[in-house]
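**Student:** Below, each chain spelled out in residue letters.
Number of protein chains: 2
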Amino acid sequence: MNYTNMLAVAFAEAQAGFDEGGVPVGAALFDAHGNLLGRGRNRRVQDNDPSIHGETDAFRKAGRQTNYRDKILVTTLAPCWYCSGLIRQFNIGTVVVGESVNFEGHLDWLKDAGVHIVEMNDADCIALMRRFIEQSPQIWFEDIGECACT
Amino acid sequence: MNYTNMLAVAFAEAQAGFDEGGVPVGAALFDAHGNLLGRGRNRRVQDNDPSIHGETDAFRKAGRQTNYRDKILVTTLAPCWYCSGLIRQFNIGTVVVGESVNFEGHLDWLKDAGVHIVEMNDADCIALMRRFIEQSPQIWFEDIGECACT
Numbered sequence: 001m002n003y004t005n006m007l008a009v010a011f012a013e014a015q016a017g018f019d020e021g022g023v024p025v026g027a028a029l030f031d032a033h034g035n036l037l038g039r040g041r042n043r044r045v046q047d048n049d050p051s052i053h054g055e056t057d058a059f060r061k062a063g064r065q066t067n068y069r070d071k072i073l074v075t076t077l078a079p080c081w082y083c084s085g086l087i088r089q090f091n092i093g094t095v096v097v098g099e100s101v102n103f104e105g106h107l108d109w110l111k112d113a114g115v116h117i118v119e120m121n122d123a124d125c126i127a128l129m130r131r132f133i134e135q136s137p138q139i140w141f142e143d144i145g146e147c148a149c150t
Numbered sequence: 001m002n003y004t005n006m007l008a009v010a011f012a013e014a015q016a017g018f019d020e021g022g023v024p025v026g027a028a029l030f031d032a033h034g035n036l037l038g039r040g041r042n043r044r045v046q047d048n049d050p051s052i053h054g055e056t057d058a059f060r061k062a063g064r065q066t067n068y069r070d071k072i073l074v075t076t077l078a079p080c081w082y083c084s085g086l087i088r089q090f091n092i093g094t095v096v097v098g099e100s101v102n103f104e105g106h107l108d109w110l111k112d113a114g115v116h117i118v119e120m121n122d123a124d125c126i127a128l129m130r131r132f133i134e135q136s137p138q139i140w141f142e143d144i145g146e147c148a149c150t
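Going down the list, the protein sequences come from chains A and B.
Under UniProt numbering, the first residue of the first sequence carries the number 1, and numbering increases by one thereafter.
Under UniProt numbering, the first residue of the second sequence carries the number 1, and numbering increases by one thereafter.
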């Protein structure tokens, strides 16, 4: 599997999201042969929809599948609890993580559940996410439910 | 809080889903005063969308919120990992569970994370879900990622 090329698909989604003013997290779901099933990006800002993270958008775009054990989910950023829960519930076999520097996620929890985690530590993913968090911290914290406001 | 009346809103969604031929799980999100923010239902069959469980549909329909700690999510069925992850990531304060007989979910995991869980053990929720699982086991198992097919 060429995880670098797969990550490029997810990164293109993240970059498109950034260019739209959205949270720049992109993702893509591939089958066991590396064929693209679906690609997507966070749509909180664009669609005013808090339920669409990069991973859930790629998952929905891939349509109904009866088995995810041999599927590969590629995401530019380590998955939050919401997306980690998605991965675990549907038994997605492999998750390729662009970076876990700006958000560390719950990779050990996924590994303990038997998910194969591939960490890319990708400089472009790190830089794009860092840029967004610095320029729009309020939207970022809203997106991960960490807003301190009451 | 009148949790029985709140559950009736979620159950009406589940019943509508059942009547449409879909997975009969409904949910609703309320604010701290009991005002309805959003209601929804599983849409796997209706929209061919695997990403929309009852809880995620109610969450999206409620629109962007900056704080969920004082919110109440009511669902007819114990949340799966996907929806449990949603609850935990966004720090939803209270979850009212119609039933956990047909699917036990991960209520202890949510409690350990500080979520206030209210179990209703509702006979109508149990009966509707049981009826669906008996008549459409394949769709049900697909919906929770437990299909044994390869």
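Keep in mind that the hints were calculated from the coordinates and are not lab data.
Hints should not be assumed to be uniformly reliable.
Note that identical chains are pooled: a pair holds if it fits in a single copy or bridges any two copies.
SDA-like mimics (lysine to any residue), calculated; alpha carbons at most 25 Å apart, straight line [stated by the list, open to error]:
1. K111 - D19
2. K111 - E20
3. K111 - Q46
4. K111 - I133
5. K111 - Q138
6. K71 - V45
7. K71 - I139
8. K111 - R44
9. K111 - R131
10. K71 - R131
11. K111 - I139
12. K61 - Q138
**Student:** Where does the structure disagree with the numbered hints, that is, which hint numbers, in rising order?
**Tutor:** 1, 2, 3, 4, 5, 8, 9, 10 and 11
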